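Participant: Here are the chains, one letter per residue:
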Amino acid sequence: MSNLLNISPSPHTHGKDTTKKLMYGVVLALMPALFTSVFYFGTGAVIVTLTSVISCITFEYLIQRFILKKPISITDGSAIVTGLLLAFNLPSNIPVAIIIIGSLIAIGVAKMTFGGLGNNPFNPALVGRVFMLISFPVQMTSWPVPAGFGTGYLDAVTGATPLAIIKEGLKNGESLSGLMEKIPSAFQMFMGKMGGSMGEVAAFALLIGFVYMLYKKIITWHIPVSVIGSIALFTSILWLVNPELNADPLFHILAGGVLLGAIFMATDYVTSPMNPKSMIIYGCGIGILTVIIRVWGAYPEGVSFAILIMNAFVPLMNTYIKPKRFGEEVKNG
Amino acid sequence: MKTFPSGGIHPPENKLTAEMAIASLPAPESVTIPVSQHIGAPATIIVNKGDYVKTGQIIATSKGFVSSNIHSSVSGKVNKTDTVIDTTGYKQTAVFIDVEGDEWIETIDRSDEIVSEIKLSSDEIIEKCLESGIVGLGGATFPSHIKLKVPAGKKCDFLIINGVECEPFLTSDYRLMVEKGEEILIGVTILMKALGVDKAMFGIENNKPAAIKHLTELSKKFKGISIHALKVKYPQGAEKQLIKALINREVPAGHLPVDVGAVVHNAGTAFAVYEAVQKNKPLFERVVTITGKTMTRPGNFLVRTGTPVRKLIEAAGGLPADTGKIVNGGPMMGKAINNIDVPVVKGTSGIILFPANESERAEINPCIRCARCISVCALKLEPFLLMTLSEKNMFERAEQEGITNCMECGSCSYSCPAGRPILDYVRLGKATVNRLAQERKMQQTATN
Chain A
1 MSNLLNISPS
11 PHTHGKDTTK
21 KLMYGVVLAL
31 MPALFTSVFY
41 FGTGAVIVTL
51 TSVISCITFE
61 YLIQRFILKK
71 PISITDGSAI
81 VTGLLLAFNL
91 PSNIPVAIII
101 IGSLIAIGVA
111 KMTFGGLGNN
121 PFNPALVGRV
131 FMLISFPVQM
141 TSWPVPAGFG
151 TGYLDAVTGA
161 TPLAIIKEGL
171 KNGESLSGLM
181 EKIPSAFQMF
191 MGKMGGSMGE
201 VAAFALLIGF
211 VYMLYKKIIT
221 WHIPVSVIGS
231 IALFTSILWL
241 VNPELNADPL
251 FHILAGGVLL
261 GAIFMATDYV
271 TSPMNPKSMI
281 IYGCGIGILT
291 VIIRVWGAYP
301 EGVSFAILIM
311 NAFVPLMNTY
321 IKPKRFGEEV
331 KNG
Chain B
1001 MKTFPSGGIH
1011 PPENKLTAEM
1021 AIASLPAPES
1031 VTIPVSQHIG
1041 APATIIVNKG
1051 DYVKTGQIIA
1061 TSKGFVSSNI
1071 HSSVSGKVNK
1081 TDTVIDTTGY
1091 KQTAVFIDVE
1101 GDEWIETIDR
1111 SDEIVSEIKL
1121 SSDEIIEKCL
1131 ESGIVGLGGA
1141 TFPSHIKLKV
1151 PAGKKCDFLI
1161 INGVECEPFL
1171 TSDYRLMVEK
1181 GEEILIGVTI
1191 LMKALGVDKA
1201 MFGIENNKPA
1211 AIKHLTELSK
1221 KFKGISIHAL
1231 KVKYPQGAEK
1241 QLIKALINRE
1251 VPAGHLPVDV
1261 GAVVHNAGTA
1271 FAVYEAVQKN
1281 KPLFERVVTI
1291 TGKTMTRPGN
1301 FLVRTGTPVR
1311 KLIEAAGGLP
1321 ADTGKIVNGG
1331 PMMGKAINNI
1341 DVPVVKGTSG
1351 IILFPANESE
1361 RAEINPCIRC
1371 ARCISVCALK
1381 LEPFLLMTLS
1391 EKNMFERAEQ
1401 EGITNCMECG
1411 SCSYSCPAGR
1421 PILDYVRLGK
1431 ATVNRLAQER
1441 KMQQTATN
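Chains A and B, in that order, give the protein sequences. If you read the first sequence in the numbering used here, its first letter stands for residue 1, the second for the next number, and so on. If you read the second sequence in the numbering used here, its first letter stands for residue 1001, the second for the next number, and so on.
Incorrect hints may have been included.
Have a look at the derived ranges for each label pair, beta carbon to beta carbon [as the list claims (entries may be wrong)]:
(1) A:I292 - B:N1434: 45 to 53 angstroms
(2) A:K216 - B:A1041: 36 to 44 angstroms
(3) B:G1089 - A:Y320: 39 to 47 angstroms
Source of the hints: derived by calculation from the structure; they are not laboratory data. None of these values were measured; they are calculated from a predicted model. Even for Gly, the Cβ is constructed at its ideal location relative to N, Cα and C.
Hey, can you work out the whole structure from these sequences and the hints?
Facilitator: This is the structure:
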């Protein structure tokens, strides 16, 4: 025979999914939220997103090319996902220089120092975000008010997020019912008409992305549902115990970064657990920590911290929580 | 509709030859019949160079408990006995026969008449299966007579017939079910009698509606046989998964189906049992699917054992120029062969030709811990972990993580978006763990 036959072992066929396809699937799922963001925050949203994505890709390239001297893998889409998620976690009027520093921390410190894609214990975008929050607290917490497509970049009108209004107000002894009147209605919050990070505001857009990812089997329901469910349950209990001090569960789910965190950040493959049982424990952990930080902590919002804290438990969960093997416990009937 | 609950995948079915009726492939000019076409000890050759043998004549006898008889598939002169590379890629002994005419041994009933009355007793049936060289035709080729003897102290409640054929491309069992339904059901009744059970469950995946309909209709004439349509999902044809799907019992790791009261036989085996018991015909030919997207005339052929794969490819329109890989068996669990002169054996269910552009492995990227391998594993193992442990030579830990439970169905490698060769490493780890366990055992016996 003239040409040699390939004799690699079975299986001789492979599924259609590749890392690249999954990553670009996530990018696509983030698009509705990006468009909504541009619609509400205008030029700022475009500048922040572009800066973040471009600098994440550039840092990954530079580090692989000059420090690690390894093959370049920027086309796999993971740096784009990190860049988008980092941008989504920032206010739309944040200066470019700060974004670049954040991207360097996200890609350089949180991802590449551990060996790149697949090896980082903490979600890179969140590490970048938390680093920026601690280093630039003023710029990171001056949230533009959604004012429509024509909004300028650095001169956007700013205001507090609903979570911050409640937290500050309660600290100053105001009544919750009075404070609830100062914040947008649940419907407005669902549509994204509130102050906040550029990608986290529009619940409906994030949910479209969620449905898309479920449909495409990019993620499973376990983590998002357990995060949201545990937040709903915990805040319902607090609300029923004392409705004058604690906001209702719907408010807690729609305000801040719960949906963005639960759907896109907590489900990051690399930093989340790998079997359904652990996924649910992990999701509930995130939900409970988020509520604790929001209600009793110093920050008005706690999703980022909650996810990062639970990231730290993932290796432990992967080691000690095992799926029950087939035929391990004989149940015949 | 029933299926096994956890894991599994849906590879493209590609049953290109489903509507191709079984055609008989004429005996070639010469055949090469290996003495080991089954799991267990190779058979002992009892013919000499220059002997004239008839079609169906025994040429090598079963040696030891787990072994099987081998019969000549043609009539002619024994040219030599020599080593040959078989479909597994290993060398083994084979009988080379030059074909002269086609003279069958007189005892075989060659009429088309369907014999439904079962005259033999349970023990006689088992003896007949041993004599006729019947082995599991689903691919594992375990000698059937052993599976028909229920060990003392154990009880068999159900006979399960595997008509799942979950591997993509293959259609040989499907064709048999459609064309030889009645013979198969008589075969099932024979197997029931041998085992002493009164219930047989026949599992067929729902992508074969014609077979389900046909057999359901026929089964009304037979006592105790029920036909069950199953939801399509690979690897449902795996013994343990089929048992779970049909009777919801889990066979523990390292145990046999009979430990949970079930014995599984393949639909093709049931047909071979019918022919052996009712027609006195030993197992020397079988239905083989020859297929591939670039083949001009893919089909299902009744092939004599020992026929070179080359003949089969010629019958299907010749070797396409861009062929990059030839697989013996299904695309999920079959083995690639490196030359087309290897002989068809009892376990050859299909030959698949892949064009060059579908023969290459995917590019290997880092694991992104997406957990797909865990969610598709039908045995609920953690394939990514087993791969890593095996890569890092951590075999003790791999053993604790259940590496030896793996049945090598390949769902993990199939699903991995990073194209990681998970199963390659799991196989390596499994082999090493088994070797270490054996060494441990030997050391223990030595010290005792």
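Participant: Given a hinted range of 39 to 47 angstroms, is it respected by the beta-carbon distance of G1089 of chain B and Y320 of chain A?
Facilitator: Holds, at about 41 angstroms.
Participant: Within 45 to 53 angstroms: is that where the Cβ-Cβ distance between I292 of chain A and N1434 of chain B falls?
Facilitator: Because 50 angstroms falls inside the window, the suggested range holds.
Participant: Per the hint of 36 to 44 angstroms, is the separation of the Cβ atoms of K216 of chain A and A1041 of chain B within bounds?
Facilitator: violated (51 angstroms)
Checked against the numbered hints given earlier, this structure breaks only hint 2.
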